[in-house]
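Student: Produce the complete structure using the sequences and hints provided.
Chain residues, written in single-letter form:
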Amino acid sequence: GIQVEQSPPDLILQEGANSTLRCNFSDSVNNLQWFHQNPWGQLINLFYIPSGTKQNGRLSATTVATERYSLLYISSSQTTDSGVYFCAVPPYSGGYQKVTFGTGTKLQVIP
Amino acid sequence: DSGVTQTPKHLITATGQRVTLRCSPRSGDLSVYWYQQSLDQGLQFLIQYYNGEERAKGNILERFSAQQFPDLHSELNLSSLELGDSALYFCASSVATGLAHNEQFFGPGTRLTVL
Chain A
137 GIQVEQSPPD
147 LILQEGANST
157 LRCNFSDSVN
167 NLQWFHQNPW
177 GQLINLFYIP
187 SGTKQNGRLS
197 ATTVATERYS
207 LLYISSSQTT
217 DSGVYFCAVP
227 PYSGGYQKVT
237 FGTGTKLQVI
247 P
Chain B
220 DSGVTQTPKH
230 LITATGQRVT
240 LRCSPRSGDL
250 SVYWYQQSLD
260 QGLQFLIQYY
270 NGEERAKGNI
280 LERFSAQQFP
290 DLHSELNLSS
300 LELGDSALYF
310 CASSVATGLA
320 HNEQFFGPGT
330 RLTVL
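Heads up: the protein sequence lines correspond to chains A and B, in order. Residue 137 is where the first sequence starts when you use this note's numbering, and the numbers rise one by one after that. Residue 220 is where the second sequence starts when you use this note's numbering, and the numbers rise one by one after that.
Don't take every hint at face value.
Said to hold, decoys possible - Here are the simulated DSS-like cross-link-like pairs (lysine-lysine), alpha carbons at most 25 angstroms apart as the crow flies: (1) A/LYS234 <-> A/LYS190; (2) B/LYS228 <-> A/LYS242; (3) A/LYS234 <-> B/LYS276; (4) A/LYS190 <-> A/LYS242.
By construction, these hints were calculated from the structure, which means they are not laboratory data.
Tutor: Structural data, given as structure tokens:
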């Protein structure tokens, strides 16, 4: 099946700093999502981004499907950004979704 | 709030027992997905239902089963529970017309503890 790798696995930031999280995938995809799992375990949708670039406030994401990676940018980080960030992809087999999640990037933003 | 609801929020039970987790999808969504998140396995896709029919299967054990009812809510049944089944179980839903272009929205999860 498709392999999804995220880097870095852990990240500690000072409040106000910027960061880039990366998601590499081993096969072609036609759908990619970024999620934030907060310290209470809730999975929050950040981006649905099969290709191109999207921005939402301090967060933005870029997916380059032809090169099999996606990037999540966090600017001016806040303590509420702490948690684990996951990317998730289904394989490009059309039909139905059998989503594979990456291993996640655990982010800690310190004041 | 994603619009996906799951009950119960927490469940504590003993080995060998059987439990049922319930999920109600967002209004208008026809697909329901179940995931298991454990410390050692990460987030694993278990199974997908679309409009009452099973559509995709992941790493779901034979002791686990699911179904989607005519009102589109879904239940995940876990039987002969083992300590290793302790995990956070998520349900997600999407419009899912059958193509792979569908954003999934997750419920708050059910935390299962098997003692």
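Student: Does A/LYS242 lie within 25 angstroms of A/LYS190 when you go C-alpha to C-alpha?
Tutor: holds, 22 angstroms
Student: Taking 25 angstroms as the top limit, are the C-alpha atoms of A/LYS234 and B/LYS276 close enough?
Tutor: holds, 7 angstroms
Student: Are B/LYS228 and A/LYS242 close enough, with their CA atoms no more than 25 angstroms apart?
Tutor: holds, 24 angstroms
Student: Checking one constraint from the list: CA of A/LYS234 to CA of A/LYS190, max 25 angstroms. Satisfied?
Tutor: It holds: about 24 angstroms lies between the C-alpha atoms, which stays within 25 angstroms.
This entry satisfies every hint, going by the numbered hints stated previously.
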